[in-house]
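Chains D and B supply the protein sequences, listed in that same order. Under the working numbering, the residues of the first sequence are numbered 1 to 264, in order. Under the working numbering, the residues of the second sequence are numbered 1 to 152, in order.
Treat the hints as calculated values from the structure; they're not laboratory data. Idealized CB from N, CA, C, for every residue including glycine.
Examples of chain B residues toward chain D, derived with CB under 8 Å:
#1 GLN3
#2 THR6
#3 VAL10
#4 PHE13
#5 ILE14
#6 ALA16
#7 GLY17
#8 LEU21
#9 PHE23
#10 LEU24
#11 ALA25
#12 GLN27
#13 VAL28
#14 SER29
Here is how the chains run, residue by residue.
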Amino acid sequence: MASSLMDGIARLGRRGLDIIASLGRAGVFLWGALVGAPRPSVGGPLLIQQIYRIGVLSLAIVIVSGLFIGMVLALQGYTILSDFGSESAIGQMIALTLLRELGPVVTALLFAGRAGSALTAEIGLMKATEQLSSMEMMGVDPLRRVMAPRLWAGFISMPVLALIFSVVGVWGGMLVGVEWLGVFEGSYWGNMQASVTFADDVLNGLVKSLVFGVACTWIAVYQGYDCVPTSAGISAATTRTVVFSSLMVLGLDFVLTAVMFGSF
Amino acid sequence: MVQRTTEIIVGLFILAGGAALLFLALQVSGLTFRSAGDTYTVYAYFNDAGGLAPRSRVSMAGVEVGQIREVALDHETFQARVVMDIAAAIDSIPADSSAIIRTSGLLGEQYIDISPGADMESLADGDTFYETQSALNIERMISNFASGQGGD
Numbered sequence: 001m002a003s004s005l006m007d008g009i010a011r012l013g014r015r016g017l018d019i020i021a022s023l024g025r026a027g028v029f030l031w032g033a034l035v036g037a038p039r040p041s042v043g044g045p046l047l048i049q050q051i052y053r054i055g056v057l058s059l060a061i062v063i064v065s066g067l068f069i070g071m072v073l074a075l076q077g078y079t080i081l082s083d084f085g086s087e088s089a090i091g092q093m094i095a096l097t098l099l100r101e102l103g104p105v106v107t108a109l110l111f112a113g114r115a116g117s118a119l120t121a122e123i124g125l126m127k128a129t130e131q132l133s134s135m136e137m138m139g140v141d142p143l144r145r146v147m148a149p150r151l152w153a154g155f156i157s158m159p160v161l162a163l164i165f166s167v168v169g170v171w172g173g174m175l176v177g178v179e180w181l182g183v184f185e186g187s188y189w190g191n192m193q194a195s196v197t198f199a200d201d202v203l204n205g206l207v208k209s210l211v212f213g214v215a216c217t218w219i220a221v222y223q224g225y226d227c228v229p230t231s232a233g234i235s236a237a238t239t240r241t242v243v244f245s246s247l248m249v250l251g252l253d254f255v256l257t258a259v260m261f262g263s264f
Numbered sequence: 001m002v003q004r005t006t007e008i009i010v011g012l013f014i015l016a017g018g019a020a021l022l023f024l025a026l027q028v029s030g031l032t033f034r035s036a037g038d039t040y041t042v043y044a045y046f047n048d049a050g051g052l053a054p055r056s057r058v059s060m061a062g063v064e065v066g067q068i069r070e071v072a073l074d075h076e077t078f079q080a081r082v083v084m085d086i087a088a089a090i091d092s093i094p095a096d097s098s099a100i101i102r103t104s105g106l107l108g109e110q111y112i113d114i115s116p117g118a119d120m121e122s123l124a125d126g127d128t129f130y131e132t133q134s135a136l137n138i139e140r141m142i143s144n145f146a147s148g149q150g151g152d
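Could you put together the complete structure from these sequences and hints?
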């Protein structure tokens, strides 16, 4: 009885130590990958290749989602606001919702699903087929050669994608609100410009997307690097990437929103 | 050749991001590059500031002439002290003008409307409005009406 209790406590302790050790490894990993300037002649093409795969290829899903979310916001906002006869405030509602919340958050969730899972699977397979260890054997640091370009590409792509998402969403909202539901176009843009401020809304949204980009990419690349090099291990790591990234994005979003927009 | 195509596409991607930021700045947030320091500060005291908030607009005859910087409580008179920045170009507001809190539309945000007076002297930096009119409080108006005290 007592020994099984002690076993339980020991398991808990081992679990905690594992988590802390994993966090430590993730930190050391990030440090090793990012510190030290890469040579532009080698790093540049690699970085561009990765921005293409992580950013440009995610563009389609981001644009389509942004368009639909903007259109849905316009429809929902119109039905509620027209009860108060203030449907002209629809532009301001759409812009603030997109810039402050939905732009960064939804883009980050899509990014984790579209690009993050692919990164984890790719790096995990590299590890399973011992490409990483053969690189080390040849004297090439896989952190610098494989991980660093992917990390930087994620950090750069995510804010760009979030900006494009917001713009497409605002345009989609105009499509439904102005063209279809007949809100006056002047008041759509006018109310928007009167209530949206560059420093508070646009830049804070940009900071959010940057933070989410760092979190998602870091989790994805690290999970691939740290996975158990078997097919089951890669699949578990890919699942963990999507789950951890999504939870991290939503949790960080609450913290950032409290800091940026909470009045305390 | 493939590498070059990729480079061009990535360049376009980054450019699209820049264009998106520019669009959000100019079209969505209506950012104008006004240089700092082209405003002067005037004060007004209100018995009830209502829902007045920083960055609310200050207008004259419906035209925006400045914005509110701060709304705070005056610890001696227990009135709301409103600090506003007026554009330096609007330098001839008569000194006996009154500041009135109005609401744009039924549910819109509150703003300060300056009703011009007839004084030959103009408000300068650091001056205070003598005459103010507080926010219209519909609830208070109705309760006054119901208890037969008339308007306030």
